Structure formats: structure tokens, C-alpha cells
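Participant: The residues making up each chain are set out below.
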Amino acid sequence: MKYIELAVGAILVYNFVLSRFLGICPFLGVSKRLSTALGMSGAVIAVMTLASAITAVIYKYLLVFTFNGKTYDLRFLQVLLFILVIAALVQIIEISLQKSSPKLYQALGIYLPLITTNCAVLGAATLNASGGRSVLDATLFGCFSGVGFALALVLFSSLRERLELAAPPRAFAGTPLALVTAGILAMAFIGFAGLC
Amino acid sequence: MEENSNSSTSDILMPTGESLVVSSSPHVVSPERTSRIMGKVLLALLFPLAGGIWFFGWKAAWVVFLTTVFCVAAEALWCKLAGRPVRKTVLDGSAAVTGVILGLNCPPEVPFYVPLIGAVLAIWIGKQVFGGLGYNPFNPAVVARVGLLIALPAAMTVWTPPRGMDKDFPEIKEFRTPVDAVTCATPLSIAGNTPKIKTNDFFAHENFKKIDNPELLEKYFWGVKGGCIGEVCVPAILIGAVLLVCFNLINWRVPVCYVGTVAVITGVVNYFYPGVTPSPLFHLLTGGLLFAACFMATDMVTCPITGTGCIFFAMGCGIITSVIRIWGNYPEGVSFAILFMNALVPLIDKWSGTRPFGYVLKRKGEV
Amino acid sequence: MNKSTRSVMTFKNGIYPVYHGKELSEGAATRIAPLLARYTVPVAQNAGKPPEVIVKAGDKVKKYQLIARASGFVSANLHSPVSGEVKGIIEVPGATGVPAQAVEIISDGLDEALPPLPEIDWKQADPKELLDRIAACGLVGMGGASFPTHVKLSPPPEKEIDTLILNGAECEPFLTADHRLMLEDPHAVLAGAAIMSRILGIDRIFIGVEMNKIDAIEVLQEKSASYGVRIVPLKVQYPQGSEKQLINAITGRDVPAGGLPMDARCVVQNIGTAAAAADAVIRGIPLVERIVTVTGPVVKTPGNWKLRIGTPVIEAVRLAEGVTEEPGKLILGGPMMGFSQRSFDVPTAKNTSGILLLSQDQAVNYESGNCIRCGRCVQGCPMHLMPCALAAAIESGRFDIAQQNHVMDCLECGACAYVCPAKRPLVQHHRRAKAEIRRQMQKK
Amino acid sequence: MIQLVIAAVLIMGCLGLVLGLVIGFFAKVFKVETDPRIELVTELLPGANCGGCGKAGCSDFAKSVVNGENPPGKCPVSSKEQITAIAMALGVDPGSAFPRRAVVRCGGDIHQVNRKINYNGVLDCASANLISGGPKGCRYGCIGMGSCAAKCPFGAIEIINNLAVVHEELCVGCGTCAAVCPRGVIELVPMNSRVHVYCNSPEKGPEKRKNCKVSCLGCRKCERLAPEKFKVEGFLARVDYEADPPPTEEDVEKVGCPTGALLTASRHYEIETFDPEFSIK
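Chains Y, C, A and X are the protein sequences, given in the same order. Counting in the working numbering, the first sequence runs from 67 upward without gaps. Counting in the working numbering, the second sequence runs from 167 upward without gaps. Counting in the working numbering, the third sequence runs from 4 upward without gaps. Counting in the working numbering, the fourth sequence runs from -15 upward without gaps.
Mixed in with the good hints there might be a few duds.
Stated by the list, open to error - Result set (DSBU-like, lysine-lysine): computed pairs, CA atoms no more than 30 Å apart in a straight line:
{"no.": "1", "chain 1": "A", "residue 1": "K59", "chain 2": "X", "residue 2": "K194"}
{"no.": "2", "chain 1": "A", "residue 1": "K437", "chain 2": "C", "residue 2": "K516"}
{"no.": "3", "chain 1": "X", "residue 1": "K135", "chain 2": "C", "residue 2": "K246"}
{"no.": "4", "chain 1": "A", "residue 1": "K15", "chain 2": "A", "residue 2": "K25"}
{"no.": "5", "chain 1": "A", "residue 1": "K63", "chain 2": "A", "residue 2": "K90"}
{"no.": "6", "chain 1": "A", "residue 1": "K447", "chain 2": "Y", "residue 2": "K98"}
{"no.": "7", "chain 1": "C", "residue 1": "K246", "chain 2": "Y", "residue 2": "K68"}
{"no.": "8", "chain 1": "A", "residue 1": "K25", "chain 2": "A", "residue 2": "K446"}
{"no.": "9", "chain 1": "C", "residue 1": "K246", "chain 2": "C", "residue 2": "K206"}
{"no.": "10", "chain 1": "X", "residue 1": "K135", "chain 2": "A", "residue 2": "K446"}
{"no.": "11", "chain 1": "X", "residue 1": "K39", "chain 2": "A", "residue 2": "K437"}
{"no.": "12", "chain 1": "X", "residue 1": "K47", "chain 2": "Y", "residue 2": "K98"}
{"no.": "13", "chain 1": "X", "residue 1": "K238", "chain 2": "X", "residue 2": "K215"}
{"no.": "14", "chain 1": "X", "residue 1": "K194", "chain 2": "A", "residue 2": "K90"}
{"no.": "15", "chain 1": "A", "residue 1": "K437", "chain 2": "Y", "residue 2": "K98"}
{"no.": "16", "chain 1": "A", "residue 1": "K131", "chain 2": "A", "residue 2": "K65"}
{"no.": "17", "chain 1": "X", "residue 1": "K205", "chain 2": "X", "residue 2": "K238"}
{"no.": "18", "chain 1": "X", "residue 1": "K100", "chain 2": "A", "residue 2": "K437"}
{"no.": "19", "chain 1": "A", "residue 1": "K226", "chain 2": "A", "residue 2": "K25"}
{"no.": "20", "chain 1": "Y", "residue 1": "K126", "chain 2": "Y", "residue 2": "K136"}
{"no.": "21", "chain 1": "X", "residue 1": "K188", "chain 2": "A", "residue 2": "K63"}
{"no.": "22", "chain 1": "A", "residue 1": "K59", "chain 2": "A", "residue 2": "K437"}
{"no.": "23", "chain 1": "C", "residue 1": "K516", "chain 2": "Y", "residue 2": "K98"}
{"no.": "24", "chain 1": "Y", "residue 1": "K126", "chain 2": "Y", "residue 2": "K68"}
{"no.": "25", "chain 1": "Y", "residue 1": "K169", "chain 2": "A", "residue 2": "K65"}
{"no.": "26", "chain 1": "A", "residue 1": "K447", "chain 2": "X", "residue 2": "K188"}
{"no.": "27", "chain 1": "X", "residue 1": "K188", "chain 2": "X", "residue 2": "K39"}
{"no.": "28", "chain 1": "X", "residue 1": "K197", "chain 2": "X", "residue 2": "K215"}
{"no.": "29", "chain 1": "X", "residue 1": "K135", "chain 2": "X", "residue 2": "K47"}
{"no.": "30", "chain 1": "X", "residue 1": "K188", "chain 2": "A", "residue 2": "K52"}
Unchecked claim - With the C-beta cut set under 10 Å, the calculated list includes, among others, these residues of chain X facing chain C:
{"no.": "31", "residue": "M72"}
{"no.": "32", "residue": "I94"}
{"no.": "33", "residue": "N98"}
{"no.": "34", "residue": "L107"}
{"no.": "35", "residue": "G118"}
{"no.": "36", "residue": "M175"}
Everything labelled a hint here was simulated from the structure, so no lab data went into it. Just so we're clear, the structure is a prediction, and the values are computed from it rather than from any experiment. A virtual CB, placed ideally from N, CA and C, is assigned to each residue, including glycine.
Can you build the whole structure from these sequences, using the hints too?
Facilitator: Right, here's the structure in full:
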């Protein structure tokens, strides 16, 4: 039950993109095609899960430790360390993606390295830290948050594929329309408030 | 066969061919027009409107009138500013339909600025920004209703007691204000505010008895309950829905699957945890479920094209509605559910496309 | 009528036009058109290679004389419809909008005919002999596609054929030519069917007729037994007369996408073609005339005429005593799939089943309003495509999406554009996409 | 305090080292060879992705240039300086592109056509061409619904009086319009040629005359007076674009085309823009 609540919370109620408004840059940048959105979703889920797990371990066992009877509290290093880990992870994913799926690599373009500074990933890590979650919980939370991001991205990209065939006034064509659509989508997610 | 007899060529009118129009086939078309479709929808909407007027009086008509006028005006203004044909766009009737649906989704006594903001939300943000009728992925009326619900929650939840609601009604008793008794609550909001009992004992069974008993359900059916203008009178909604189905304007699968899914989910939950949610019949008869299932979820533009797609769409709406009603903060979830499922429609369309003729070689019943 | 136990057959999807317009001319018995002074016989009257003209200006020709010889297997002979003098090879407006070559023949008023070819006793004759006769007489599909009949009747040996279907559905509104033919000359139709089945070496013959021609069904049923033909009443539904839909309605088989009727072990022929086959084999005369419905709300006396090929449309309109007002549209063929013309000089051909004149109010149809995704086109498409989605993609220039969604399977039957409440020119969009995709495929 | 700092430095340093090693390992295992020159050339190209070079887009063309399949000069859009820059960067021969520009070989705007067709349907050249050939009587001329103008990546074509007119100063000769035109009215001609025959119809003179006031009647006047510069094929005069020197304004005046189908490009533009009622007779 606890895990269901965790999942519903991360995917629907506190959706990273549509409720917390984190990670908007790749959300807008990679949502033009459903296929690239799916690829990006996979990458983000992987990065978020791994990053959450590793940062949780670091937070738990490296930042506060007792050595020689003295307790060291290094939590002020939290953001620095998290960014370091996330950056490294993204680098690894980028390198392996370039080899395994050059097409997707090309399509994701600049947005892949941008996951590094994607506030959604850092957000998941810091939320885990401030929420005091165990390593398992933190990992799951990261995974579910990634799924939530993926849901928003897939929904949004399919909508944008349809909007591409629409005939909006020129002032609204492209990104303005995408932002309006994202806003309406966010309104729909407000309805889930209170589920957990 | 006989020899042709008319050989006199003196006084027959022969064509010159000067005004011949060249176009692609087909050269005949059905008399159906977009404006006629919208007209028929308006006709069907008259029934819930009449129900609302009967229960709430002429102020309800005034609200619907305001939303309709504001919607049409907003549409005209936009077209004027955007340099699109004003007359043609307004006359297709879609703005009027949006306006009436939005009006029927408002409480009977709302200040005039609510219809105004709603109309702008619906027509500008919900529709015209996307390029006008047909391009909007979200139902404009639903966009406006959700927007109003979020932005002006106070104004959108002032419920007037309908005709026939006397002091015995739990709604009145619980929410009588010290000054006067002009407001009441909706059955759903009472259900939402009732603490949940997560057991299956006597207390759980009694938890919702006050608002969920056969006597009251009958009154709910006829329309004696707090709520929005269009959603109170169930028989009127059903007549309108039957009309729509007869006119072939909506896919019957949408309302049936929508309502069915809600009934099944609330039924199951109610069976195991009667203290968590009222009976499925209560859910069907209260709130905007029926109205939304018949008039809002079925909007042609924003629901899937194929029958299979419609079933998925309606079931999704049903699931989200039930979840929000049972566990969510909001007492009512239909608007959010429809808005969310609208976003899913492109995906549903993609996965539920038709199988073109001739792509499977053998079928049953082949001679 | 003698209602058999089988129910009325049909296919899935399709539309039900509200106004058929058939009552304008279905009661008018076929009349033989008087001899005209001048005929312009289009050379390319068959799908495939156009025949090679063998007459030149100044030549004297007789009725039934060969004026253009088939230039290959997928090609058909062309005969003179009249006796007279060839004035020259001229350019006339073509039925599809592209100007066409035509042999202009000035009648000498005598209407002298060559002696007919000897009658063949088709019940005993060698199928090859029958096939040769049909080829010699220049038969083509008279339903519209004008595919040479002898080609259709000689399927490649690896294709097994077990059913011959005669298409008497005549699902197009307004047209009544096939109806009159079945009513007035059932023996020719049935004999033609029997001849064709003998060529194919099969004995399963169906004639599909829509239920709005009950009198024709009765007449045919009365006489069909001796020819071994079964009459199948079909539901009044458009496009019942499309090959693939007809095969599906009668046999329940699906023609695979991109395939031909023979891939469903069927051969489909038009009623008119069958009657012409009987004429060719029994009476020994080539195809130089056919029944044409001249009709429309503005035609003064709509009716059916036996017109020689090459009759200018204006003359056909004169036969119908002209018009009541200036027409806004001239259509060769039916209103759903026919071609609108820019001038009245266009001549009739072997595949012209109707000449339709619409009033000016009825002429302008397409407004290109926004698609409201009502799904009527999807419900109506006999090929189970999604015309609305296709058109949206095509309008944005996304031919790749259209191709993925099978636009190439579109029949251009017009059902989608007929039902569209926004009056979108869906068929034109599909045509454009098909042309574009074909062009791209050729490039590769 | 100092211990805390040491601990922080240690932890950061160790973590950085470990992660660095992991990345290094991955970089070795998943090594992909790419040619950095492709990116360089892509950046130097105009990036219009017009396809004038015959490749799918600029990056595709860059790849072919780096691989030596195409000389950089094959890009019709780049200026001479840009091409030299690419050639210098790669150390190859710039190659000579044949600088071209588009000409709409039709002068039949809405004021010049005699016969108009009431066309009802999609407002798009290719669609109209399928249905009896669109709103003008002539089957060979410009349909004037602007499919080319919509596709031109440089905005060089404008529809004036239902006729596509090329803005010469904007046209770079990529050929997108010529590929789009369903009737092949648009031709790519050498940049330096200033005189064109604004008619594309191979029909006989009287037939053309029925449709259009400014058609080439095939009277051979131009061929007679300047045979080295104009050729009449069938019933249609053509400018010999190989001629050296190319025909000039003086030639046009000398010939004095009776219908005004033979014009300089600037005069044609002038007529369509300022003098729509223009006609010689």
C-alpha cells in the first residue's frame, strides 16, 4: 500500500513536470516527436532511478559519518555531490547511447547532456534527502518520478504531434501553443490532489 | 426500344457551358452541415436547461444566457482580431454550444464575471488558440470549468437549494448559514466531507445513510439536489442524450462505458468498504456524472474517432472520476477526468485506428 | 417478387445517399438516338495502351469498320460508329480534363454498316474463339475503368478463378442505364454472363443487383435458370458497385490490399460489358454504342438513350430537349465518381454511363471548413480508412503519414466527402496524396 | 573545523576520482569514431536544408563533401566566400557550382487569361492540376495557387495577380520550387541570363491565343531577328541559355515580341507589380 501511494504520489499527484514544474526544458525540447519522447523517457527514468539510488547511499553513508568517535556532518556538500553524480551518470548514458542507438542520440541532441542540469533529477535526489527516505524508498521514488516525467512527456508529445497538423494563428504557432497546452494539462493534474 | 421522336430543335433551351464549375468528385453531398450538427446539439441541450430552470428559476436561465452571449462575443472578437471570417465562424454554432454547456456547468447563482471569465477561458484558451473549431485537443467548456473551479473555487461552489428541497434535507441542515438559508451543499460534497470508515461494520454501513437512502435517491433522480444548472434533472439529461444518439451525433459507447465504469468501481469499493463511499446509484444520480458523460465527454472534436477508441476513452474517464470521487480532495472529478482523457486521445487514436479493407485474407463465413 | 431465403447482402461501412435521383430517368425506356452529322470518337477509350489509329483524313469508313487497332495485349480495338468520311484526327476535351485525341467522322447520312461477323454458337465453341471475338470487337469494361475485357477474362494461369460476378449494382445516384439494360434486354445480359463463364471455364455466376431495382431482379430471376446464373439482391448502399465491396458482399471474401479481384478468385464484369459480349458473339457486331443516362435536375426530359460512342455531349443534351436553366455542373459518369467537365464538346466513350447536369445551386459544394472529427467519414469509408486523419496529414504536407495510414488503398469513391458535414474536399486531398506518393515512388 | 574541511575534500576527491574512472572506462568500451569535419562543414553551410544539392539536407551534404563525393561548390545557395571557406577548411578544390535562378515561364496572370474556369476545391496547385487543371484555361501555365511560394525556403516567390513571380534578388536557385510545380513551369536558368520567354505552352498558336493574351504564338519573329539567341521549338520560342553573350534588353527591343511573351526579367516583374493591365495590343 505504501508503495502504491508512493507511485501515485510521484506519477500523478506530484508529477514532476505538471505539478512541481521541474524539468520543463527537456519537456518542451524533446516533445515534438513521440518516438524521441519515448527514448528520452527511457533515459530519464534510468538516470533518475540510478541517481536517486546512488545519492541516497551517499547521503546516508558518506555525508554523515562518525570517524574516530567524532561525527562529521557534511550535508552542506549535498548539492555539489549530487550534481557530480548526476553529471557522471548522464555522461555514461550519453556515451553508451551514442554507440548503441545513434539515431536516438541524434534526435535527443542537446537535451541529453541537459539532463545533467535537469532540475527534475536533482529535485528527486534532494526530495529524497529532505524526506529522509531509505535507500529502497528513494530508489523507487526516483523510478516513479521518472515514470511520471515519462507520462507527461508521452502525453504531451502525442498532443503536439496532433497540434502540428492544426492551424493556429501565427502568433501562437509552435512553443506558445505548446505552453498553453502544457498549462491545460497541468490543470488536469490538479484534479488528482489529495489522492495521497 | 423506340426511335427517338423529338427531333424538333427550334425552341429548346440549350446550355452554353459558361458557368460550369469544375471540382473533384463527389459532386453531390449530404445535407448535413456543421451548423446543423451544432443546432441539433443545442436542441438536445434545451432539455437539461429546462430542467435547471424548473428547479432553480429564471436566474439559472440568466446564467446560461450570459455564458452563451459571452462565448459568442468572445469568438467574434477573436475572429475579428485574428482576421478570420467572423460571420462564418460564429454561425457554425460551436461557440453557442460551448457557451450553453459551460452555463449548465455553473451553479445557478454566480456573479456575472464568472460567465465572462469562463467564456474567455473556453473560447480563447480552450479553442481559438489552437486554430478554432476542430483543432482544439481539449473540450473548451471543460477547460473553462476546470479553470474556474481552480481560480474561483468560492464562486463556483455556492449552491442554491432547488425547488422542492425542504428543511428535512441533510444538505440544508448541515450547511444552513447563520444569516439565511440561501445556500446548501451538494450530496457529493457532503459525501466528500464525511469521514471515511475503513471497516465493514454497522457504523460503516450507516456512514452515508443520511444522504444515500432510497427515498432521497428518488428525489435526486428527479432533480431535487444541490448542484450545477444542467446536472440536477436526470430525466431531462437522459432525454437529451437519447436525442443525441438518435441524431447520430454522439457515440453511445461513451456515456454507457463511462457511467458503467463508475458504477462498477464505486460498486466494488462500496461492497467491500461501505464506509468509504456511497452506493453506485448515489454516484450515478448525483454530481455532474450523467451530464458530463452525455454532453461533455462525447464532444466530437475531443473524443476518439473509432468505436474501440471511444470505449477506452470512456473507461479512462470512468476510472479517474471514481478515483477522484472516492479518494481525492475534490468532491467531483468528471471535469478533471475528461480533461485528462482528452490529452490521451491522440495516443488512443494512434492505437485504435481502423484496419483497412483487405489486410486480412480470410474471414469467417466465407463462401 | 420471389424472395429467396437468403437475406439481402451487403458489405461493411459505406453510406446511404438520401437522394438517389434515379426516379428522374428509371421509368424512361431506352430510346435509340438519331443519326448525327458529326462524331468525334476518342482514340484512347481503354485503360492501358491506346490503340493505333489506322485511318487518315479523307478516308471513307463504314459503320463497324476498324479505325484504330489494339497496340498490345492491354489495349482494345476501336470501330467506327457511323459511315462517312474521316475529317481528321483532332484534339477534343477529354473526360478526365486532359485533352484527348479523337477521330472526327462526318456522317454521310447513309449509316451503311459492314456485314456483321458470323454468329458463334457459344455453347459449343472453343473458349479461345470466344475470347478472340471479344478482343476483336473492342470490348472494354463499361462500368467506368474501361479495362479491356479480354485481358480481364484471361487471368494468368497461376491464379485460380472460381466465380464470375456481374455488377448490376449501379450504386451511383442518378444513373439508370444498367437498370434499363437489365430490364429491357435480360437475355443479352444473361447470355453474356454465360459466355464469359465459358471463357473462364467456371460455373459459379452471380449477378448482383441493388434492391432499388426490384423489377430488374424479377425479370432476371425469371430467365436466369436456363443460363445457370444466380441473381443476388444487394442492399441499397454506396459503393455497392465497387469491385472489392461487391466481391465482399456476395462471396464474403476480401480482396487483399493492392490486389485485384482475381486474388480473391473472382472476375467482376459490368452488366453492360456482358450485354456487349453477347452482341459480339451472337450478333457479331463490335462495341460502337451503349446506353447512356442523360439526367439531372435541370435536364428537361431526363431519360436513357442508346448513344453511339463519340457523340458530343451537347447533342445528347439536345436529345433530352435541352435544359430548364443554365446548368452549373456537367458530369460524365455518376455524381459520386464522375468527372466534372469544363465544356459541352466532350464526346461520350465506351465507359460513359451517364451525362449529369446539376443546377448552379448544387454546383459549388466545397467549403473546406474545419474538421470536427465527427467520424462520419470513418464510418462511411468502405475501405475502412480514416479519411479525416489522412486529409489533416495531407493538408500539412505530411505525405509520409498519409502513406503509413494506407491512403494508397483509397478507392476515391467519394463516400467520405459525401457525408462530411464540414464539406471538406477529402477525395481531392486523397487524390493529390496518391499522385504525390506515386511520383515519389517512381523517383526511387 | 580543519578536519571537516579535510573530510569534505577527501570525499569529493575520491568520488570524483571513482566517477572519472568509470566514465573513462565507458568511453573506452563504447568508443564511436566520428569525423569532426562533418560538423565543421555543416556549420559553414547555410542550413536552409533546401535540398538544392540533391542531398537530404545540409548535414547530409556536409557528409558527402567530407567523403569527397561532392565538391563544396555543389551547394547552390552558399555564396562564393562561404564555399571558399569550406574548401579551405577541407583543403579541397571548391568546384564550380553553376549559379542558377528560377524563372516562372508564364506571364498569364489573372488579367491576361481569356478563359477562366470556375474551380471549386483545394487551393493548392498540385490538387487543382488533378481536377481539369485549375482556374485558368491554359493547361501549361502557372496555376497561381502558390504551392511554390509556400515551399520556397528563401521567400523568393510571391503570388501577384494569381501568378507566381520570382524576386530575383532573393532567389538562390535551389530548385525547390521547380520540384514542387506540378506543371514544370518553373525552370532553373543561368544566373546571368536576363531575358526569358514567359510562356510554357507547346500548343498551337491559335489554341494558346484562346486562353491567354500574352502567350508565345510561335511566330518566329525572334528567331528571325536574333537567330543565335532564340530558338523556336514547335510552337514555342526558347531563349538559348548557352548563347554567349546572353540576350540583353536591346535584343528584346529589337525583336519586339508581338504578344509580349519575350521580356527581360525586370520588365516582367515591373508589369506584374505595377502594370497589371499591361498588354501589347
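Participant: Hints first: check each against the structure and report whether it holds.
Facilitator: A quick look at each hint next to the structure:
1. K59/A x K194/X: holds, 27 Å
2. K437/A x K516/C: holds, 22 Å
3. K135/X x K246/C: Holds. K135/X to K246/C sits at ~28 Å (cutoff 30 Å).
4. K15/A x K25/A: holds, 24 Å
5. K63/A x K90/A: holds, 9 Å
6. K447/A x K98/Y: holds, 28 Å
7. K246/C x K68/Y: Not satisfied, since the Cα-Cα distance of roughly 55 Å exceeds 30 Å.
8. K25/A x K446/A: violated, 45 Å
9. K246/C x K206/C: It holds: about 27 Å lies between the C-alpha atoms, which stays within 30 Å.
10. K135/X x K446/A: holds, 19 Å
11. K39/X x K437/A: Within the cut-off at roughly 24 Å; holds.
12. K47/X x K98/Y: holds, 26 Å
13. K238/X x K215/X: holds, 16 Å
14. K194/X x K90/A: Since the Cα atoms of K194/X and K90/A sit roughly 23 Å apart, the hinted pair holds (cutoff 30 Å).
15. K437/A x K98/Y: Cα-Cα ~27 Å, so holds.
16. K131/A x K65/A: holds, 28 Å
17. K205/X x K238/X: holds, 10 Å
18. K100/X x K437/A: holds, 27 Å
19. K226/A x K25/A: holds, 25 Å
20. K126/Y x K136/Y: Roughly 17 Å separates the two Cα atoms, so the pair holds.
21. K188/X x K63/A: holds, 28 Å
22. K59/A x K437/A: violated, 38 Å
23. K516/C x K98/Y: Status holds; Cα separation ~16 Å.
24. K126/Y x K68/Y: Between K126/Y and K68/Y the Cα gap is close to 21 Å, so the pair holds against 30 Å.
25. K169/Y x K65/A: With Cα atoms ~70 Å apart, K169/Y and K65/A exceed 30 Å; violated.
26. K447/A x K188/X: Between K447/A and K188/X the Cα gap is close to 35 Å, so the pair fails against 30 Å, i.e. violated.
27. K188/X x K39/X: Not OK: K188/X and K39/X at ~39 Å, beyond 30 Å, violated.
28. K197/X x K215/X: With Cα atoms ~21 Å apart, K197/X and K215/X stay inside 30 Å; holds.
29. K135/X x K47/X: holds, 25 Å
30. K188/X x K52/A: holds, 25 Å
31. M72: violated, 48 Å
32. I94: At about 17 Å, which exceeds the 10 Å cut-off, the nearest Cβ of chain C leaves the hint on I94/X violated.
33. N98: Where the cut-off is 10 Å and the nearest Cβ of chain C is about 13 Å from N98/X, the hint is violated.
34. L107: violated, 12 Å
35. G118: At about 8 Å, which falls below the 10 Å cut-off, the nearest Cβ of chain C leaves the hint on G118/X intact, so it holds.
36. M175: violated, 38 Å
In this structure, the earlier hints numbered 7, 8, 22, 25, 26, 27, 31, 32, 33, 34 and 36 are contradicted, and the remaining ones agree with it.
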